[in-house]
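Peer 1: Each protein sequence line maps, in turn, to chains A and B. Everything in the first sequence is counted per the numbering used here, starting at 449 for the first residue and increasing by one. Everything in the second sequence is counted per the numbering used here, starting at 79 for the first residue and increasing by one.
Calculated directly from the structure, the hints in this document are not laboratory data. Check each hint, because a few of them may be wrong.
Sample of chain A residues lacking proximity to chain B, with all beta carbon distances greater than 10 Å (derived) [said to hold, decoys possible]:
# : residue
1 : Ser464
2 : Leu467
3 : Glu525
4 : Thr542
Just the calculated beta-carbon pair ranges, DEER-fashion [unchecked claim]:
# : chain 1 : residue 1 : chain 2 : residue 2 : range
5 : B       : Leu665    : A       : Ala544    : 54 to 60 Å
6 : B       : Ile101    : A       : Asp549    : 48 to 54 Å
7 : B       : Gly696    : A       : Val455    : 42 to 48 Å
Being a predicted model, the structure only gives us computed values, none of them experimental. A virtual CB, placed ideally from N, CA and C, is assigned to each residue, including glycine.
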Amino acid sequence: MNFQQEVPLAWYLLLSAALFTLGIVGFLIKRNLITMFMSIELMLNAVNLSFVTFAHQWHAVKGQIFVFFVMMVAAAEAAVGLAIIIAVFRARSTLAVDRIDLMKL
Amino acid sequence: MNDSLHLWLIPALPLAGFLTNGIAGKRLPRWLVTAIALAGPLAGFAAVFIILLGVMNSGSATAPAFLANTPSLPFVDHFGSWIAVGPIQVDFTFVLDQLSLVMLLVVTGVGFLIHVYSVGYMEHDEGYARYFSYLNLFLFFMTTLVLAGNILLMFVGWEGVGLASYLLIGFWFQKDSASNAGKKAFIVNRIGDFGFLIGIFLLLANFGTLTFSEIASKIAASPAELPIFTGGVLTTIALCLLFGATGKSAQLPLYIWLPDAMEGPTPVSALIHAATMVTAGVYMIARTHVIFDHAPFALGVLAVIGAATALFAATMGLVQNDIKRVLAYSTISQLGYMFLACGVAAYSAGIFHLVTHAFFKALLFLAAGSVIHAMGGEQDLRKMGGLRKKLPITFWTMTAGVLAIAGFFPFAGFFSKDAILYAAYLQGTSGKILWGVGLLTALLTSLYMFRLWYMAFLGESRSPEVHPHESPWSMLGPLVILAVLSVTGGWIGIEHFSAFLAPATGPLNLEAGSTRLEIILSIVAVLVALEGLLIADKYYRRRPERPAQLAAAAPGVYNLLLHKYYVDEFYGAVVVKPLLAFSKYVLGGVDLLLTGSAWLLAGITNFTGTILQGWQSGNLRSYAAWLTAGAVALLLFLLLSGSSIDFAVALKGMGR
Numbered sequence: 449m450n451f452q453q454e455v456p457l458a459w460y461l462l463l464s465a466a467l468f469t470l471g472i473v474g475f476l477i478k479r480n481l482i483t484m485f486m487s488i489e490l491m492l493n494a495v496n497l498s499f500v501t502f503a504h505q506w507h508a509v510k511g512q513i514f515v516f517f518v519m520m521v522a523a524a525e526a527a528v529g530l531a532i533i534i535a536v537f538r539a540r541s542t543l544a545v546d547r548i549d550l551m552k553l
Numbered sequence: 079m080n081d082s083l084h085l086w087l088i089p090a091l092p093l094a095g096f097l098t099n100g101i102a103g104k105r106l107p108r109w110l111v112t113a114i115a116l117a118g119p120l121a122g123f124a125a126v127f128i129i130l131l132g133v134m135n136s137g138s139a140t141a142p143a144f145l146a147n148t149p150s151l152p153f154v155d156h157f158g159s160w161i162a163v164g165p166i167q168v169d170f171t172f173v174l175d176q177l178s179l180v181m182l183l184v185v186t187g188v189g190f191l192i193h194v195y196s197v198g199y200m201e202h203d204e205g206y207a208r209y210f211s212y213l214n215l216f217l218f219f220m221t222t223l224v225l226a227g228n229i230l231l232m233f234v235g236w237e238g239v240g241l242a243s244y245l246l247i248g249f250w251f252q253k254d255s256a257s258n259a260g261k262k263a264f265i266v267n268r269i270g271d272f273g274f275l276i277g278i279f280l281l282l283a284n285f286g287t288l289t290f291s292e293i294a295s296k297i298a299a300s301p302a303e304l305p306i307f308t309g310g311v312l313t314t315i316a317l318c319l320l321f322g323a324t325g326k327s328a329q330l331p332l333y334i335w336l337p338d339a340m341e342g343p344t345p346v347s348a349l350i351h352a353a354t355m356v357t358a359g360v361y362m363i364a365r366t367h368v369i370f371d372h373a374p375f376a377l378g379v380l381a382v383i384g385a386a387t388a389l390f391a392a393t394m395g396l397v398q399n400d401i402k403r404v405l406a407y408s409t410i411s412q413l414g415y416m417f418l419a420c421g422v423a424a425y426s427a428g429i430f431h432l433v434t435h436a437f438f439k440a441l442l443f444l445a446a447g448s449v450i451h452a453m454g455g456e457q458d459l460r461k462m463g464g465l466r467k468k469l470p471i472t473f474w475t476m477t478a479g480v481l482a483i484a485g486f487f488p489f490a491g492f493f494s495k496d497a498i499l500y501a502a503y504l505q506g507t508s509g510k511i512l513w514g515v516g517l518l519t520a521l522l523t524s525l526y527m528f529r530l531w532y533m534a535f536l537g538e539s540r541s542p543e544v545h546p547h548e549s550p551w552s553m554l555g556p557l558v559i560l561a562v563l564s565v566t567g568g569w570i571g572i573e574h575f576s577a578f579l580a581p582a583t584g585p586l587n588l589e590a591g592s593t594r595l596e597i598i599l600s601i602v603a604v605l606v607a608l609e610g611l612l613i614a615d616k617y618y619r620r621r622p623e624r625p626a627q628l629a630a631a632a633p634g635v636y637n638l639l640l641h642k643y644y645v646d647e648f649y650g651a652v653v654v655k656p657l658l659a660f661s662k663y664v665l666g667g668v669d670l671l672l673t674g675s676a677w678l679l680a681g682i683t684n685f686t687g688t689i690l691q692g693w694q695s696g697n698l699r700s701y702a703a704w705l706t707a708g709a710v711a712l713l714l715f716l717l718l719s720g721s722s723i724d725f726a727v728a729l730k731g732m733g734r
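Let's have the full structure, built from the sequences with the hints guiding it.
Peer 2: Shown next, in the form of structure tokens:
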């Protein structure tokens, strides 16, 4: 038995898919805006995982570069998104999404 | 001094007045509105008068220096090209010849007097500035009509005065009857304009030009056997133009709008519906007289229409009780005289009557306006009476007007009416009949005018509760001036007048007559007018119960006259009702199709909108759900559609 054998590709992908699905389900069923925000982060990181996996598998650096881009966008998104969430909360005193459906502040 | 007379200033000044008063009149002080409104006609009249003095004194060594530069008539002022399409060339051209000079004098002179009169008459009206802006607009178009050097430019003025007339008839648009009368005048005029337009098209098709002088020279140059003469083209053109003239000048069969036009303010009735605009038809015929001269049949029709209208309108004038309507029918009747004059090719006699008629009919209308003003808006003759003592100046000026229209020597109407009847008498046997009709009309004219005079001014007041007061001097001044003109306006005599007009309208051919015949005919005419006075005196002074008895004795005739021969009803049944029914049919059929398809399109959009609207709920989770569903659907499609995309190959491509 070759203990040097790597973890198979499919396992990474399965983990990535599971994380992504958790993100989607969380985004769909949660009412709290911050929780939904965290679900989005989860989905992004699931995608990051598959990028890294493929980059390793094919010995291509492009996938890893994409991960940096995604992390950067995620950071920017976090800054903007949290600012929006705070503004919404100040205006509405609530973060329940089904009560924030007027399409304006 | 250059050789341009700057004729464009004559219409341009009233136009400027119209724009200023029309746009800013409400915010300007009243004296400024008045000054602006009066400046245009006054300046125009002064300019035309100076030109007239120059023309009269041309060649005379003693003429003052400022007249020395008057150019000889006809004077053409050219302001550039208007329409140039292939061979068709229409220019902005103003022509000043003897005819337009006389007409301009009347339009600006009488126009100015009526502007002055309006200052007093409209003093308490809210629409003071609006009124004067419309009046200036009318003068702009009327002077354009008169000065136009080609028939298309004339048509512009022609339509424009129609517009001004419409606006002024419906000036008190809060009254239903006034706005309806305005519409009626406009629509009936449109019918006449249709004929005018066809005439213009035929002129363009046959001569290739619309300039009056070129048409005249082309007709003069053509030998008489050309198809243009023998084929009836000129007759058709003349009849089309004649139809247009019957609309504007309120002749049979299109006269019906003029009595209703009396809904407008009285000075408007005097200016537009008596003195100037309605005579545009006569002016147009005199302007295009070359065509009529070569269309004997059209001339005959013209004479018959004129004589018939004169008699027909006079009979209707006999029984009217509204003071302005009596004058309206009298106007139609007098315009009939002018048409009769043109119909016997005595154009200068027609224009002569146009001028004197402008004086005395404007006077009669303004005096009637003074009476109405004094009576607090009452227009019914049956409620007047005994006004002679209360309104002495109005009474005396009105008397001058009545004597003038009835044709008493030496008032203005005598000379012009006499010239027309004389010219008609000289036209052979048919001319004798026309003369007879004209004479009968003269009797009726004298009768209905003195009826009005007796009912309004003599006897006892029939409304003791009204306390009439004499009008202000802004109104009496024009009355006095017009009264002087109504007395003296004819003294120039038809010989001098037609000699002056001869270059523009052709010489007046009276060679068949003699001075003796003319004097005999004049005496007959005056005797007839006297007879009218005597009948009126008998029925309305000595035996005031007689008219009612007569009406009771012949109720059919009386009702026929009172209801104006039921012509309005006839047109209503024959033209208006079928047209309305047809419109309703169109509304029901064609219109349903059009609006139906429009509604269908709107319905589809609306329906789709209702469905799609549900998606835009604003609920974040429903958006996310749709997004996910879309992504899942795409993925499923890619997976289930099989091998069209090979993932392995795609991934390998990424790696490389």
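Peer 1: Provide an ascending list of the numbers of those earlier hints which the structure does not satisfy.
Peer 2: Nothing - there is no hint that the structure violates, so all of them hold.
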